[in-house]
Amino acid sequence: MIDLRLLRENRGDVERKLKKRKEDINLENILKLDDERRRLIKEVELLRRERKLISKGPEAREKGKELKFRIQEIEKNLKDVEEKLKRELLNIPNIPSDYVPDEMKIVKVEGEIKEYDFKVLPHWEIGKILNIFDFERASKISGPRFPLLKGYGVRMEIALLNFFLEENRKSGYKEIITPYLVKEETMFGTGQLPKFEVELYKCERDNLYLIPTAEVTLGNLLRNEILEEDELPIKIQSFSPCFRREAGSYGKETKGLIRNHQFHKVELFKFTKPEESDEKFLSLVEDAEKLLKKLELPYRVVELPADELAFSSGRTFDLEVWMPGEKRWLEVSSCSNCYDFQARRTNTRLRRKDGKIEFVHTINGSGLALGRTMAAILENYQNEDGTVRVPEVLKKYMDCDIIKREG
RNA sequence: GGAGGGGUGGCCGAGCGGACGAAGGCGGCGGUCUUGAAAACCGCUGUGCCGUUUCCACGGCACCGGGGGUUCGAAUCCCUCCCCCUCCGCCA
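At position 151 of the first sequence (counting the first as 1) the number is 294 in the numbering used here, and the numbers step up by one without a gap.
Hints listed in this document are in silico derivations from the structure and should not be mistaken for laboratory results. Do not rely on the hints blindly, as some may be mistaken.
Mimicking DSS-like on lysine-lysine, the simulated pairs with C-alpha atoms at most 30 Å apart in a straight line are [said to hold, decoys possible]:
no.: 1; residue 1: Lys251; residue 2: Lys195
no.: 2; residue 1: Lys219; residue 2: Lys206
no.: 3; residue 1: Lys326; residue 2: Lys293
no.: 4; residue 1: Lys538; residue 2: Lys470
no.: 5; residue 1: Lys398; residue 2: Lys499
no.: 6; residue 1: Lys211; residue 2: Lys185
no.: 7; residue 1: Lys175; residue 2: Lys165
no.: 8; residue 1: Lys160; residue 2: Lys229
no.: 9; residue 1: Lys423; residue 2: Lys496
no.: 10; residue 1: Lys338; residue 2: Lys398
no.: 11; residue 1: Lys208; residue 2: Lys195
no.: 12; residue 1: Lys208; residue 2: Lys219
no.: 13; residue 1: Lys437; residue 2: Lys317
no.: 14; residue 1: Lys163; residue 2: Lys175
no.: 15; residue 1: Lys547; residue 2: Lys160
no.: 16; residue 1: Lys163; residue 2: Lys229
no.: 17; residue 1: Lys175; residue 2: Lys185
no.: 18; residue 1: Lys499; residue 2: Lys185
no.: 19; residue 1: Lys271; residue 2: Lys496
no.: 20; residue 1: Lys248; residue 2: Lys433
no.: 21; residue 1: Lys317; residue 2: Lys496
no.: 22; residue 1: Lys195; residue 2: Lys185
no.: 23; residue 1: Lys211; residue 2: Lys175
no.: 24; residue 1: Lys499; residue 2: Lys251
no.: 25; residue 1: Lys470; residue 2: Lys257
no.: 26; residue 1: Lys271; residue 2: Lys293
no.: 27; residue 1: Lys222; residue 2: Lys326
no.: 28; residue 1: Lys293; residue 2: Lys470
no.: 29; residue 1: Lys262; residue 2: Lys251
no.: 30; residue 1: Lys165; residue 2: Lys229
no.: 31; residue 1: Lys326; residue 2: Lys416
no.: 32; residue 1: Lys547; residue 2: Lys470
Kindly generate the complete structure, drawing on both the sequences and the hints.
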């Protein structure tokens, strides 16, 4: 949620930055509602004060009655205005930070893109040869675009999970496992609601939503809490399945493990002091990069322009791994600094040593998406005979160094 | 799923229609005393919003799980939702 006071006092600046998102955003109405709100507050507070003053005297009964009706009427209007204002405010995306480039910027390219002297295959074909996926049966059970792994596929998934958790722990992230079904208000907290309802799976009976990322649960973890200054930064990681409806994306980029309704991910998350978030954001990106480096996968880091930022993000770096079988870059991590945007929605604050209270900043990033990373390994480590070498760092987790077809 | 019992300030806990932002205790902060510390004693001790102000601050209103209602007036009465606990049933 953007800061109303900031908007009131620096309207031009806010408007200019939001415009870069190329969305239709109406601030006029918000400011009008805010004026109205403040006018009504003044009015009702004056009357309440009067009521308080006479409540001890002899005129409490007759005069109080009249005041009561006047107060009730204004309260009703005020509530109405506040609801409208809140609704508008919840629909405004985060303000892009000053760092955000005008168009997608390639920050760096790392690792070596290998030359292959045979015909390289995309990962879904490799998986078919190795018999480690079964999308047909997944589809029979659940419908299209659900994953089903077997044998070495499962082993690599679990190996990656263990590798990620261990490396991230070394980088200082405490591991936690959260619920995967959450209340509506939780989805509001991190910004999935109200605007992106169609992207979410919902359990109607219980009014619960399946999380599309652990960012949701981690971001809400400290909701309505005030942290002490020296508790920060808080660094956590969480493994979770992610459920996404992917509405409207059928027919594109949907082969194999790439854009499924369900996948596993390890999420990195930080709560920081405002003055530290830029620096802690960059170090989170580095932490995610470390994983790709150790897996020896070629990747690049791109910084997204304003019109590609997610709703809650003020600044985003994507990590994209090279897919030789498809000759393209594939996003395996998206890291965002949300600044105080989510903290306002979740009311997560910090108390300074001098007693002052402020909103914290939140930073999230994948570290990493498991399915896509596996896809990248299959393509980058494939051999001509259809087997796949196991990356050095995964050998101890997989307890083997090559993946062959199994019956 | 069924039957009960609860949610009050950082924590414990009283209040059950007006004098209550809320007794008392603990913790925390400041002070007195002390060579220092402890003890003892004294004072202070939340959050949000609206406004005033150059800062330090100050004034007002609201907040006793959330929302609604009754009443001139609600922490206190009523409704509803959420959360926690106990017992029974079911269950990985």
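Consistency of the hints with the structure:
1. Of the supplied pair hints, the one linking Lys251 and Lys195 is violated, its CA atoms being roughly 65 Å apart against a limit of 30 Å.
2. Restraint check for Lys219 and Lys206: satisfied, since their Cα atoms lie roughly 20 Å apart, inside the 30 Å limit.
3. For the proposed pair Lys326 and Lys293, the alpha carbon gap of about 33 Å is over 30 Å, so the pair is violated.
4. Our distance criterion of 30 Å between C-alpha atoms is met by Lys538 and Lys470, whose separation comes to about 26 Å.
5. Our distance criterion of 30 Å between C-alpha atoms is broken by Lys398 and Lys499, whose separation comes to about 52 Å.
6. About 16 Å separates the Cα atoms of Lys211 and Lys185, which keeps this hinted pair within 30 Å; it holds.
7. The suggested pairing of Lys175 with Lys165 holds, with an alpha-carbon distance near 23 Å, which does not exceed 30 Å.
8. Taking the CA atoms of Lys160 and Lys229, the gap is about 21 Å. The hint holds against a cut of 30 Å.
9. Proposed proximity of Lys423 and Lys496 is supported: the alpha carbons are some 21 Å apart, at most 30 Å.
10. This hinted pair checks out: Lys338 and Lys398 have alpha carbons roughly 28 Å apart, not beyond 30 Å.
11. Restraint check for Lys208 and Lys195: satisfied, since their Cα atoms lie roughly 13 Å apart, inside the 30 Å limit.
12. As the CA atoms of Lys208 and Lys219 are separated by approximately 17 Å, the hinted pair is consistent with the 30 Å bound.
13. Taking the CA atoms of Lys437 and Lys317, the gap is about 20 Å. The hint holds against a cut of 30 Å.
14. A distance of roughly 23 Å separates the Cα atoms of Lys163 and Lys175; the hinted pair therefore holds under the 30 Å criterion.
15. Restraint check for Lys547 and Lys160: the C-alpha separation of about 53 Å exceeds 30 Å, so the hint is violated.
16. At roughly 23 Å between alpha-carbon atoms, Lys163 and Lys229 fall within 30 Å of each other, so this suggested pair holds.
17. Proposed proximity of Lys175 and Lys185 is supported: the alpha carbons are some 16 Å apart, at most 30 Å.
18. Restraint check: the Cα-Cα separation between Lys499 and Lys185 comes to about 26 Å, which is no more than 30 Å; the hinted pair holds.
19. The straight-line distance between the Cα atoms of Lys271 and Lys496 is roughly 59 Å, outside the 30 Å bound, and the hint therefore fails.
20. Note on Lys248 and Lys433: the hinted pairing holds, with a Cα-Cα distance of about 20 Å set against a maximum of 30 Å.
21. At roughly 25 Å between alpha-carbon atoms, Lys317 and Lys496 fall within 30 Å of each other, so this suggested pair holds.
22. Of the pairs offered as hints, the one joining Lys195 and Lys185 holds, with about 15 Å between alpha carbons and a cut-off of 30 Å not exceeded.
23. Between Lys211 and Lys175 the CA atoms are separated by roughly 27 Å; this keeps the pair inside 30 Å, and the hint holds.
24. Simply put, Lys499 and Lys251 have alpha-carbon atoms about 40 Å apart, too far for the 30 Å limit, and the pair is violated.
25. With a CA separation close to 12 Å, the supplied pair Lys470 and Lys257 stays within the 30 Å bound.
26. In summary, the hint linking Lys271 to Lys293 is supported, as the alpha carbons are separated by about 11 Å, within the 30 Å threshold.
27. Between the alpha carbons of Lys222 and Lys326 the distance comes to roughly 24 Å, so the proposed pair stays at or under 30 Å and holds.
28. With a CA separation close to 26 Å, the supplied pair Lys293 and Lys470 stays within the 30 Å bound.
29. In summary, the hint linking Lys262 to Lys251 is supported, as the alpha carbons are separated by about 28 Å, within the 30 Å threshold.
30. Annotation: proposed proximity of Lys165 to Lys229 holds, straight-line Cα distance about 22 Å (limit 30 Å).
31. Of the supplied pair hints, the one linking Lys326 and Lys416 holds, its CA atoms being roughly 27 Å apart against a limit of 30 Å.
32. Simply put, Lys547 and Lys470 have alpha-carbon atoms about 24 Å apart, close enough for the 30 Å limit, and the pair holds.
The earlier numbered hints that this structure contradicts are 1, 3, 5, 15, 19 and 24.
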